[in-house]
Amino acid sequence: DTGVSQDPRHKITKRGQNVTFRCDPISEHNRLYWYRQTLGQGPEFLTYFQNEAQLEKSRLLSDRFSAERPKGSFSTLEIQRTEQGDSAMYLCASSLRQGSSYNEQFFGPGTRLTVL
Amino acid sequence: GEDVEQSLFLSVREGDSSVINCTYTDSSSTYLYWYKQEPGAGLQLLTYIFSNMDMKQDQRLTVLLNKKDKHLSLRIADTQTGDSAIYFCAESIWGAGNMLTFGGGTRLMVKP
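Protein chains in written order, with our numbering: chain B, 48 to 163; chain A, -18 to 93.
Just so you know, the hints here were simulated from the structure itself, not pulled from any lab data.
Treat each hint with caution, since some may be false.
As the list claims (entries may be wrong) - Below, a list of computed lysine-lysine pairs in the DSSO-like style, where the Cα atoms sit at most 27 Å apart:
1) B:Lys104 <-> A:Lys37
2) A:Lys17 <-> B:Lys58
3) B:Lys118 <-> B:Lys61
4) A:Lys48 <-> A:Lys37
5) A:Lys37 <-> A:Lys17
6) A:Lys49 <-> A:Lys17
As the list claims (entries may be wrong) - For the chain A half of the interface with chain B, some residues (derived, Cβ under 10 Å), not all of them:
7) Ser(-12)
8) Ala58
9) Gly63
10) Ser65
11) Ala66
12) Phe69
13) Phe83
14) Pro93
Virtual Cβ for every residue (Gly too), placed ideally from N, Cα, C.
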C-alpha cells in the first residue's frame, strides 16, 4: 500500500501522560501536514513540513505539542501532559510540491486520541 | 481571518440531486475543495476548483463558484446511498504553504 499511514490508529491515555503519534507519508512526498479534528467539526491545521523543515505552526499548537520530521520522511507528533481537551482525531497528510503546479494533499486514516 | 461555513445536514432521496453549499470569507483563496469523509475512513478529495473558474464538472459532480458572493456549491446528480457521508468544503491560498481551512462539514443522508 502506498498511501499515507498513521500509527497507532487509536490511543487511550490518562490525563497528564505523554503520547507520540507517527505518520508515514507517501514515498517522495516532500510536504507533510498535521491537522486535528474534534467531534462534529472540520479538520484544523496544526503544522506542516517541507522536507525536514517545519515551516508553519498554527496558534492551536501549544507549547505542549511538538512535531518533528528528522530525515524528511516520517513525522512524529508528541503531546506532553495531555489534557481532556486534546481528545481528537489527529490527521496527517502529504503532498508533492513541484514548482507552482497544483498538488493534492493525501490524508491518512488518522489517530484517534482519547484522554481520560 | 479565514472562515468557512456550511449547513449541518442534508437529506435527499436516492436518485435525486443533492446540492451542498459553502460560504467562505477569505478573498485570497486560490483553490476551493470538496472532501468526503465516511465513518472510519480518511478524507477523500472529491474535486477542486481554481479561483479563476466558475464551474467544474466531473462525472456526477458539478462545482459552482461565485467569487463575488464567496459561495461554493457541490451538486451530486443521481445521488446514491453510497454517497451518504460528511462533505467538507475547504479553501487554501497557494504559495502560503497550501494549508487547508475546512468548514464544519455537511452530513448527507440518502434515503432509499
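Evaluation of the provided hints:
1. Taking the CA atoms of B:Lys104 and A:Lys37, the gap is near 32 Å; set against the 27 Å cutoff, the hint is violated.
2. Distance hint between A:Lys17 and B:Lys58 is fulfilled; the C-alpha atoms sit about 24 Å from each other, no more than 27 Å.
3. Among the hinted pairs, B:Lys118 with B:Lys61 is inconsistent with the structure: their alpha-carbon atoms are about 31 Å apart, more than 27 Å.
4. A distance of roughly 14 Å separates the Cα atoms of A:Lys48 and A:Lys37; the hinted pair therefore holds under the 27 Å criterion.
5. Between A:Lys37 and A:Lys17 the CA atoms are separated by roughly 17 Å; this keeps the pair inside 27 Å, and the hint holds.
6. Proximity of A:Lys49 to A:Lys17 is assessed by CA-CA distance (about 26 Å); at most 27 Å being required, the pair is judged to hold.
7. Here the hint on A:Ser(-12) is broken, as its CB sits about 13 Å from the closest CB of chain B, past 10 Å.
8. Interface restraint check: A:Ala58 against chain B, minimum CB-CB distance 23 Å, threshold 10 Å, status violated.
9. Taking 10 Å as the C-beta contact cut-off toward chain B, the hint placing A:Gly63 at the interface is violated, the least distance being around 19 Å.
10. Interface hint status for A:Ser65: violated, as the beta-carbon distance to the closest one in chain B is roughly 17 Å, over 10 Å.
11. Restraint check, A:Ala66 versus chain B: the minimum CB separation of about 14 Å is more than 10 Å; hint violated.
12. Of the supplied interface hints, the one on A:Phe69 holds, with its beta-carbon coming within about 5 Å of a beta-carbon of chain B, less than 10 Å.
13. The beta carbon of A:Phe83 is positioned within 10 Å of a beta carbon in chain B (closest approach about 3 Å), and the interface hint is therefore held.
14. Annotation: A:Pro93 was flagged as interfacial toward chain B, and the flag is violated, the nearest CB pair being 26 Å apart, outside 10 Å.
Violation of the numbered hints given earlier is confined to hints 1, 3, 7, 8, 9, 10, 11, 14; the remaining hints are satisfied by the structure.
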